Amino acid sequence: MEVDVEHAPRVVVLAGGLSHEREVSLRSGRRVAEALRDAGCLVEVRDVDAELVPALRSAPPDVVWPLLHGATGEDGAVRDVLDLLGLPFVGATAAACRMAWDKPVASSVARAAGLRTPDSVALPHGTFRELGAQGVLAAIVERLGLPLVVKPARGGSALGVSVVREAAALPRAMVDCFAYGDVALVERFVEGVEVAVSVIDLGDGPRALPAVEIVAVDGVYDYDARYTAGATEFFCPARLTAASAATAAQVAVRAHTAFGLRHVSRTDLIVDRDGTPWFLEVNVAPGMTETSLLPQSVEAAGEDAGRLYRSLVEAASAAAAPAEPSAPSGV
Amino acid sequence: MPPEGHQAAAGSRLDRWVDTYAARTRGMTASEIRALFAVASRPEVVSLAGGMPFISALPLDVVGTALARLVAERGAVALQYGSGQGDPGLREKILDVMAPQQVDAHPDDIVVTTGSQQALDLVTRIFVDPGDVVVAEAPSYVGALGVFRAYQADVVHVPLDADGLVPEALESALGRLAAEGRRVKLLYTVPNHHNPAGVTLSSARRPEIVEIARRFGVLVLEDDPYGLLGFDGDPLPSLHSLDREGVVYLGSFSKTFAPGFRVGWAVAPHAVREKLVLASESAILCPSAFSQLAVSTYLETHDWKHQVGVFRDLYRERAATTLDALADLLPSATWTTPKGGFYVWVTLPDGLDATAMLPRAVTERVAYVPGTAFYADGQGRQNLRLSYCYPTSERIREGIRRLAAVVEAEIELLETFGGGSAGGFGAAGHAGRGQVQSPSPDLT
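Heads up: the protein sequence lines correspond to chains A and B, in order.
All residue numbers for the first sequence refer to the working numbering, where the first residue is 1156 and numbers rise by one.
All residue numbers for the second sequence refer to the working numbering, where the first residue is 244 and numbers rise by one.
The reader is advised that the hints may include incorrect statements.
Claimed, not checked - Partial selection, computed: residues in chain A whose CB lies under 7 Å from chain B:
(1) ARG1177
(2) ALA1268
(3) ARG1271
(4) ASP1274
(5) THR1282
(6) ALA1334
(7) PRO1361
(8) TYR1376
(9) THR1383
(10) GLY1385
(11) PHE1390
As the list claims (entries may be wrong) - Computed spacing ranges between beta-carbons, pair by pair:
(12) B:PRO450 - A:ARG1284: 23 to 33 Å
(13) B:ALA514 - A:ASP1459: 55 to 65 Å
(14) A:LEU1197 - B:ASP351: 33 to 43 Å
To be verified - With the Cβ distance kept under 7 Å, some of the chain B side facing chain A (calculated, not the full set):
(15) VAL551
(16) TYR618
(17) GLN622
Derived by calculation from the structure, the hints in this document are not laboratory data.
The model shown is predicted, which means the values in this text are computed figures rather than measured ones.
Heads up, the beta-carbon is just placed ideally off N, CA and C, and yes, glycines get one too.
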């Protein structure tokens, strides 16, 4: 598309950062920037470093799109800074990010909203040190049963995540998890179909895109399986009954609303044998890489990615625009 | 199995060629470890991971002027295709560069390649069939392991110690492989300032190694990028000097001049060289004429030996800083003492796993390469490689301070979960994880 330089939205895509997911973020950023350019936007991709704030101040874009995964990107910190600078951005507010980013908090919010979540416990490393790991781990296995999923309380891309099928493997999984953060979430493993439902919200209410079903070729949807084309088989729409698919979509929309999210989110679910969706987490900065889930949903919905992304930019811009001044009364 | 009554849908693996790739691409996947290295490129992180020469020490203005002159005066040649074997003038000059290692050769014995990495590829291509054995040191250069894997070789590691490859271990491994009827095609070795182990094959062991290889009929592939970067004394005689017909010698300008030109070479016996040239022509037609003439011009117009001395002094100081900092800050570990080159090989306290620890290190803004990258068989969990070639001494010290804090936290974690000095949790549950299947350029 030919860019109308005068009227094209100027977008700064933030990608990179210092989190463990820097590589994924760079890939997401490149991909979105390309689609936005195709849709007629003027796009600059920037890393998050000491040059960012001066650059945003000297040439404020119309909209910033934070595509940062992991800490500072999804924990709301960068969005707080964008608010300080008065710059509109695509995606959830900082306050909403803080709830979604922390998995134990997110679980509570989801439960409070009536969504089903796997039984879980979140414990910092210090608790195991003080109380003795053996006793605490035994209590976890006793209470939650096996298999278990061990994951860092914060972070994405399955980094530091293990599925534990026997108690003897739990200590190793805890050590691997604590390499990524100080708090571990241990949750009951829910057997079922793994699906991701993306939600788009252009200001006229959230709507779910078709669910993507994930079947990792080697059985585990880990980092390698996520970012190697061919390592995972995706079904979009997911192979669910019509009723299950509708319920999954409702759950994702409810999550989006309950967390107070904006513009775009992705909810990860397991649909069990009874067709019940279990909420695992909601992502405020879903991956946008070549192998990511949201772009697949967009395609399955028959939508043009560039056009949709531009709509998100325009929604962010419109929400931030000052209201038309009302006519002075009494004149 | 989809649930009953599902909506019809076709699966996609996002790659229509997924069932078409050659078997040798197995393992060419995204990896958690490589993703973590993306953070290492940020200036906040002290990267002790990459083996990148300190190019800023080059007289870049002099190089720039020489390159401008090259294009202005010999551009018609420099920007044209060249000989498949490499520029004859450069091959003459390479003889001078190899003289300190006593590599006695004729310019016709030399094949210029796109870095010595391509020479590694070519030698493996012409000798190794799938399933053939390549014997390599334990640990071994990650870039070589990547090549051997690509040609579906079976790598068998042989231990090294502070004096390099252990002759008795080599003899025993070759004997065992012969008894098993295995075809051993190559003995791959980095005798000088080993990557990643930092050790040098002693002069006493050199004839022994060559003799053992000769006895078992195994061609020696001598990879020598760091030979001129010894901190003290003259370089030791090459293995090639001990058996010209039994050794293929690989050299490189990447560490003594600049890796950006991608110029390396192989010195090989006549018949081997003929095949290398044909293999190279089929792969790349010819090495870059521009790069070769640039290197040639540099060698002609600049006191390159003095420049090697500048690099040597710089790396000597950084190696000393690394060793001092390790002694001061990480006394619970052990490490090798390099007499040249770029690397120190660290062995962590019992039970620690350098691969599992890497995310914590990246969080603390320090990066290293986990030891598993340097083995084809999953060994090396307790090891890591530190490169001191690129960061300043001040940054090296800061990096090791951060690393020491990471190690301390990891020890505490292992004590909490009972995987400490009892020997750790073993590799169970880690199958396939932490393998660096192919090196990115800044990791080599």
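The hints, checked one at a time:
1. ARG1177: holds (4 Å)
2. ALA1268: Cβ of A:ALA1268 sits 25 Å from chain B, so the hint is violated.
3. ARG1271: violated (17 Å)
4. ASP1274: violated (22 Å)
5. THR1282: violated (10 Å)
6. ALA1334: Where the cut-off is 7 Å and the nearest Cβ of chain B is about 4 Å from A:ALA1334, the hint holds.
7. PRO1361: violated (22 Å)
8. TYR1376: violated (13 Å)
9. THR1383: For A:THR1383, the interface hint holds, since the closest Cβ of chain B sits about 4 Å away, which is under 7 Å.
10. GLY1385: Holds, about 4 Å.
11. PHE1390: The hint holds - A:PHE1390 has a Cβ within 7 Å of chain B, the shortest such distance being about 5 Å.
12. B:PRO450 - A:ARG1284: 23 to 33 Å: violated (55 Å)
13. B:ALA514 - A:ASP1459: 55 to 65 Å: Hint holds: Cβ distance 60 Å, inside 55 to 65 Å.
14. A:LEU1197 - B:ASP351: 33 to 43 Å: violated (58 Å)
15. VAL551: Hint on B:VAL551: violated, closest Cβ of chain A at ~36 Å, above 7 Å.
16. TYR618: At about 19 Å, which exceeds the 7 Å cut-off, the nearest Cβ of chain A leaves the hint on B:TYR618 violated.
17. GLN622: violated (18 Å)
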